[in-house]
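Asker: What follows is the residue order along each chain.
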Amino acid sequence: MEQKRNYQILRVLFEKETADFINGKRMLLFTILIGLITVTGFYAAVSGLHAETAGSETSAGFLFLRLFTVSANSIPSYNSLMALMGPFIGIFMGFDAINSERTEGTLNRLVSQPLYRDNIIIGKFLAGLFITAVMVFSSGILIAAVGLISTGLIPTGAEIARLFIYLCFCVIYIGFWLAASILCSTLCRHAATSALACIALWLFCSIFVSLLSGIIAEALYPVDGNDLQSMINEVKNYSCQLNLNRFSPYYLFGEATATLLNPSVRSVNAVTVSQLSGALSSTLSVGQSLLLVWPHLTALAALMLIAFAVSYVSFMRQEIRSR
Amino acid sequence: MAVSEKVNVPVIRTEALTKKYGELTAVDHLNLTVQRGEVFGLLGPNGAGKTTTTLMLLGLTEPDEGKAMIHGLDCTRDSIRVKKTVGYLPDNVGFYSAMTGRENLRFTGRLNGLSGDELENRIDTLLKRVDMEEAADKKTGTYSRGMRQRLGIADVLMKDPQVVIMDEPTLGIDPEGIRELMWLIRDLAEQDGRTILLSSHQLHQVQRVCDRMGIFVHGKMIACGTLEELGTQIGHDGVSTLELSAYPDNIRLQDIIRGQNGVIDMERNSDLYIIHSSFDIRRSLAKELSDKGYTIMHLRQAGSDLDEIYRKYFEKAGEQNGAEKKLSDSESAL
Numbered sequence: 001m002e003q004k005r006n007y008q009i010l011r012v013l014f015e016k017e018t019a020d021f022i023n024g025k026r027m028l029l030f031t032i033l034i035g036l037i038t039v040t041g042f043y044a045a046v047s048g049l050h051a052e053t054a055g056s057e058t059s060a061g062f063l064f065l066r067l068f069t070v071s072a073n074s075i076p077s078y079n080s081l082m083a084l085m086g087p088f089i090g091i092f093m094g095f096d097a098i099n100s101e102r103t104e105g106t107l108n109r110l111v112s113q114p115l116y117r118d119n120i121i122i123g124k125f126l127a128g129l130f131i132t133a134v135m136v137f138s139s140g141i142l143i144a145a146v147g148l149i150s151t152g153l154i155p156t157g158a159e160i161a162r163l164f165i166y167l168c169f170c171v172i173y174i175g176f177w178l179a180a181s182i183l184c185s186t187l188c189r190h191a192a193t194s195a196l197a198c199i200a201l202w203l204f205c206s207i208f209v210s211l212l213s214g215i216i217a218e219a220l221y222p223v224d225g226n227d228l229q230s231m232i233n234e235v236k237n238y239s240c241q242l243n244l245n246r247f248s249p250y251y252l253f254g255e256a257t258a259t260l261l262n263p264s265v266r267s268v269n270a271v272t273v274s275q276l277s278g279a280l281s282s283t284l285s286v287g288q289s290l291l292l293v294w295p296h297l298t299a300l301a302a303l304m305l306i307a308f309a310v311s312y313v314s315f316m317r318q319e320i321r322s323r
Numbered sequence: 001m002a003v004s005e006k007v008n009v010p011v012i013r014t015e016a017l018t019k020k021y022g023e024l025t026a027v028d029h030l031n032l033t034v035q036r037g038e039v040f041g042l043l044g045p046n047g048a049g050k051t052t053t054t055l056m057l058l059g060l061t062e063p064d065e066g067k068a069m070i071h072g073l074d075c076t077r078d079s080i081r082v083k084k085t086v087g088y089l090p091d092n093v094g095f096y097s098a099m100t101g102r103e104n105l106r107f108t109g110r111l112n113g114l115s116g117d118e119l120e121n122r123i124d125t126l127l128k129r130v131d132m133e134e135a136a137d138k139k140t141g142t143y144s145r146g147m148r149q150r151l152g153i154a155d156v157l158m159k160d161p162q163v164v165i166m167d168e169p170t171l172g173i174d175p176e177g178i179r180e181l182m183w184l185i186r187d188l189a190e191q192d193g194r195t196i197l198l199s200s201h202q203l204h205q206v207q208r209v210c211d212r213m214g215i216f217v218h219g220k221m222i223a224c225g226t227l228e229e230l231g232t233q234i235g236h237d238g239v240s241t242l243e244l245s246a247y248p249d250n251i252r253l254q255d256i257i258r259g260q261n262g263v264i265d266m267e268r269n270s271d272l273y274i275i276h277s278s279f280d281i282r283r284s285l286a287k288e289l290s291d292k293g294y295t296i297m298h299l300r301q302a303g304s305d306l307d308e309i310y311r312k313y314f315e316k317a318g319e320q321n322g323a324e325k326k327l328s329d330s331e332s333a334l
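Top line first, the protein sequences correspond to chains C and Y.
Its first residue numbered 1, the first sequence is counted upward by one per residue in the working numbering.
Its first residue numbered 1, the second sequence is counted upward by one per residue in the working numbering.
Worth double-checking, as some hints may not be accurate.
Unchecked claim - Below are the DMTMM-like pairs computed for lysine to aspartate or glutamate, each with C-alpha atoms no more than 25 Å apart in a straight line:
#	chain 1	residue 1	chain 2	residue 2
1	C	K4	Y	D78
2	Y	K139	Y	E103
3	C	K4	Y	D137
4	C	K25	Y	D137
5	Y	K84	Y	D64
Stated by the list, open to error - Computed footprint of chain Y on chain C; a stretch qualifies when at least three of its residues, placed anywhere within it, have a C-beta under 8 Å from a C-beta of chain Y:
#	region
6	10 to 22
7	315 to 321
Just so you know, the hints here were simulated from the structure itself, not pulled from any lab data.
Bear in mind the structure is a predicted one, so any value in this text is a computation, not a measurement.
All C-beta atoms in this analysis are idealised placements derived from N, C-alpha and C, irrespective of residue type, glycine included.
If we strip away everything but chain C, and leave its shape as in the complex, we get (with noise of 0.2 Å):
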């Protein structure tokens, strides 16, 4: 009985902010966002697919793959775009989730009625992931349906599997910059302070955390010489900017979309000739692209729940006053 309750209020909560997200003038700017991202990759892919189609041979397999991962000039693919600009969407989404309510009031009189205070902020969440779905489903589909008609190009059905375990990588994706957004939410007091606190770790994570891993691993196993220390140090050195690299969720989500929609992607580490020699050269099964980027799914998720939990956590134990 009373777990029907907490969950109708759940439910309450939840299409409450859904309804919020869809009337509110922020989803113009999710649609803008979403619209650019789909629009710009399509396009990429579109005129970068011909000059690529032409060039080569070999590569004619997993073709409407590529839809996803081709750009032209200086155009970015729709992978680099969504690793780039899909951050934006959690972060419009959650920046001011609970701290609007507090300045607005409304927070104390909605602790005031009966429900477990935790189904608010998880209300926030699940609708910000449900909307996210949506948009991220929605796009890419569109690109996929567009792209058959017009290049021709017939999915098989591991192409269609890939896509959609590639889009759901996409929504987790989005999901921790959500629970980012919302941790910084609780935090900051005012809705500016906690959009610049999230748009800093956005800029961290996809520019700072890369060249900071690769002064790291200089400084850990210098590579300048000729002698044998420094070609171990190679391998090493390699490794190590790797793993720094991956503390990252820009990189590890970058990493696992392209062993994904690549299927000749075979490793996503360092890999010595020895361990080349005997190797099949073909591409690898759905189940096994799966299994390469399987920890960075865990990475990726984990981090998300992570954040969301420290937000959870403050937001349970903080008083709330009137504003």
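Could you slot chain Y onto chain C? The hints should help.
Answerer: Coordinates of chain Y only, in the frame set by chain C:
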């Protein structure tokens, strides 16, 4: 509700309720009992701990010591069950500005498990009751403060609470709005039999509507009772003060006053005599003056007015807590 039921049914009870914020004790061993159907006013200056007390009653803040009970339920542990029967109107209540008043009420109603016709009917009834029918379908972002407050009361009543807690309900409302609000609060207690706890620092409004009052300074309740009881509590404390003006105003009048039994001191304040006496001399003085042919123009026991009671209690509290006062000032500045 029958009068016999009204007495001695404690609805809100706190026992040695204490809340500390670091060094500062916001609420200090508060013992408070509010009976059913009663309007109880929690009076005190800013930073006295009124809001903290209301938050603890709703289970929104955990007390450090003691406990708060509503209907026999522990407010901290059983807060969900408590919140089902307790409505809370926060000070400066806010609504989702992108939604209309009606939608805001519907949301609250649904959170309280209402649906369908029952929900819509209740919304209509309450909108009518707070006189908000015309503005109900406008976005709440366009509402004035008084309108928000009225919608806030409708919002509180959505769950049909037996206890209503209001935090500074009169703040920032024009006098006419306050009059209507007070009338509504009185109505909630008398007609619906709800128990009402309201906190305020605006004495005059509260005085009109409360059955009993507690005066709250530095987290302690230093006096509690009806207006008369509070007055007597001060009266016993030394001197009783009287304001008098009579015609003809001559030297003999002053002699008569000085000659009264119990008069300690007398001073003149423009056309009023301020008379300090060791007990209430109104009766004997009035009789003597009228016997001697004077017409009494003005006779008033100072101290029966809440303002003076309040000031007097604060003076007393100030003497006791002279050192602590600075602390509370810095708190209210925060």
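Asker: Now look at each hint and say whether the structure bears it out.
Answerer: Hint check:
1. Distance check on the hinted pair: K4(C) and D78(Y) sit about 18 Å apart at the alpha-carbon level, within 25 Å; holds.
2. A hinted pair counts as satisfied when its Cα atoms are at most 25 Å apart, and K139(Y) with E103(Y) qualifies at roughly 9 Å.
3. This hinted pair does not check out: K4(C) and D137(Y) have alpha carbons roughly 32 Å apart, beyond 25 Å.
4. Restraint check: the Cα-Cα separation between K25(C) and D137(Y) comes to about 20 Å, which is no more than 25 Å; the hinted pair holds.
5. Our distance criterion of 25 Å between C-alpha atoms is met by K84(Y) and D64(Y), whose separation comes to about 24 Å.
6. Coverage of the region 10 to 22 of chain C by chain Y holds [criterion: at least 3 residues with CB-CB distance below 8 Å; count 4].
7. Remark: the region 315 to 321 of chain C is confirmed as covered by chain Y, as 3 of its residues place a Cβ nearer than 8 Å to a Cβ of that chain, reaching the required three.
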